[in-house]
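Asks: Here are the chains, one letter per residue:
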Amino acid sequence: MIGRIEVTEEIRRKIERHAAAQYPAECCGVLYGKADPDGNVQIRDAVAAENASAEKRASVHYSIDPLEWYRLECGAQKQDLELIGIYHSHPEHPAILSHEDEDGMLPGLLYLIVSVYKGQCAELHGYRKESPEDKAAECYRKQ
Amino acid sequence: MKVIISATLKSFFRREAEAEIGGNTVAEVLKNLTVEYPDAKRGLYDENGKLRGFIRIFADEEDVTDEAKHNESLAGVSRILLLPLVAGGAPTESIISDERRKEIELDDKDIERFNKHLLLREISVKGQKRIRAAKVVVIGAGALGSPVIQYLAAAGVGTIKIVDFDEVTLGNLQSQVLHTSRDVKRPKVASAKDKVRNIDRNIEVIAENVRLDADNAASLIEGFDLVVDCTDNYKSRYLINDACVLSGIPLVFGAIYQYEGEVSVLNYQDGPCLRCLFPAPPAPGLVPTCAEGGTISPLSGIIGSYQANEALKLIIGIGEHLNGRLLRVDTLGLQSSVVKIKKNCDCPVCGSKPTITEVEDFDYEEFCGLKAEEDEIPVEGFTPEELASRIDAGDAMTIIDVREPHERAIKHFPGAIAIPIGQLARRQKELNPELDTVFICKEGKRSILAINTLREAGYKGPMYNLKGGMDAMKDIMFSNEAGWL
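Protein chains in written order, with our numbering: chain A, 1 to 143; chain B, 1001 to 1485.
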């Protein structure tokens, strides 16, 4: 069940700044906000996380240390928000889900992907899957 | 034991963030957890009962996700955390390094020649340089090799090695569009080399006019970035697969039969290999290779073009790949599908405890479990010459042709009774146990199977195999026929 997804200009810029700063490595971070039972998502903040992937692979891969993830979850709670999604960048690649992205996708979370070509951000796409057995579906797209 | 549940996994735990669960080990805690929260089973485990790849279990600060740690005592641990590992990656990564790409220069002619590639944002100059830097081995310059070699050359792959032992025959021209009628009787690699040189003189072509075997497989592919398997038999496919796994070189696999084809990318980024996909090949002789079975002319063009496309995508580092997946195309019914293939951790060559550590020649018959058992009576046979002289001498005997109708249509065996293997046991009354019975097929393998089938069905008469089958018989002339068989 996918409702309306709202990414404000401010949030979008914050993600793009992070992606451009980390280029040519992938950046990653989490999205704080509120989701209502109809699937509508309101993003209030984008919080950068450390890309825990080995340096050699960081241009094509990202991962967030599970314990850092837990700290980020607690951080959301303190602001009375929820961790509702993840963002990451695809340097020199389109903003589509890779196999690895899809296989590791946590159900119910919003995944925003921003493509970065030569340090310039291009598309921003959002994906989500509802349950572990489902296929991921595109739920947001901004050129 | 206090169990902290990540907010992202809460939906499987009645939206609770914390639980108090009994147990002295991780295994016990997990078991009790799934009893308390039945939904958790679906969230934590996949359909095979394995922990889902993104689940991480921590005992305080220590990662205890590995099953080996699940039975350790939790004494002194204050809490268990169930957390997700959030990870992902860009769609793909090129198999050609940036360093090698940077060594390549494109001149004005290249810009003109590869204009259509340069116009594509995903390829552009960087991708074209990677293509030029790439070194690819194509094994087999036949039906699949034809489109693969031509498209790789046209796309600008810098170094192409072509391996084939065969010569061009007239029968090859129906599907092997690399060769022309002027190339008949020339080595296929020589013909292929000419065609590549005609496309682009800047390409380095290495023609290897040899049969791939266990001894040369590893050295033939050494130092190359990618192997494209365009062979038409199981033995070569397994040798190529093993050599690629042991050398760490990705492999683009293709196969065709009649109207259907398959494509996959093997041994790429920890993906499965051929032995994960098909643990054992079909019994020898039971499934005709395409040399026997026939294929519609454009099929090899379709499947080979897919192989070339997959090869280029791996080289450029774009798009989705067929690693861990097999594309099946049915050109008669116009259906295609992609099937997922899992890596087998018990795989003898790419699994966690490999038993194959160098490219070994293997006995295909034994490999398929079809080799005659010790106590089984060996099958006696005639050479084509022996059979011909017996026929010429007018010896009384029964000849049974076990080939399929389409094979018999190509070359008829005079005086033979046609009985497909599947009907032999039921039709054994048509044989005279007082007379010698000779079984023939295309290569002399299915006929052995036929003899063993009849023995098992209780037939007691003398039975002989035509060694080498019709293929070996084709150069034998019968005096009474005054012509070629």
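These are calculated hints, taken from the structure and not from any lab test.
One or more hints might be untrue.
[Unchecked claim] Derived DSSO-like pairs: lysine-lysine, alpha-carbon spacing no greater than 30 Å straight-line:
(1) K1135(B) x K1002(B)
(2) K1002(B) x K78(A)
(3) K129(A) x K1193(B)
(4) K1050(B) x K129(A)
(5) K118(A) x K1126(B)
(6) K1235(B) x K135(A)
(7) K1031(B) x K1109(B)
(8) K1116(B) x K1411(B)
(9) K1340(B) x K34(A)
(10) K1031(B) x K1235(B)
Asks: Now look at each hint and say whether the structure bears it out.
Replies: Structure-based check of each hint:
1. Restraint check: the Cα-Cα separation between K1135(B) and K1002(B) comes to about 56 Å, which exceeds 30 Å; the hinted pair is violated.
2. Of the pairs offered as hints, the one joining K1002(B) and K78(A) holds, with about 21 Å between alpha carbons and a cut-off of 30 Å not exceeded.
3. Among the hinted pairs, K129(A) with K1193(B) is inconsistent with the structure: their alpha-carbon atoms are about 50 Å apart, more than 30 Å.
4. Between K1050(B) and K129(A) the alpha-carbon distance is near 20 Å, which keeps this suggested pair within the 30 Å criterion.
5. Restraint check: the Cα-Cα separation between K118(A) and K1126(B) comes to about 12 Å, which is no more than 30 Å; the hinted pair holds.
6. As the CA atoms of K1235(B) and K135(A) are separated by approximately 37 Å, the hinted pair breaks the 30 Å bound.
7. Of the supplied pair hints, the one linking K1031(B) and K1109(B) is violated, its CA atoms being roughly 67 Å apart against a limit of 30 Å.
8. For the hint linking K1116(B) to K1411(B), the alpha-carbon distance of about 47 Å lies beyond 30 Å, and the restraint is violated.
9. For the suggested pair K1340(B) and K34(A), the alpha carbons sit about 36 Å apart, so the restraint of at most 30 Å is broken.
10. Distance hint between K1031(B) and K1235(B) is unfulfilled; the C-alpha atoms sit about 46 Å from each other, more than 30 Å.
Hints 1, 3, 6, 7, 8, 9 and 10, counting from the list given before, are not met by this structure.
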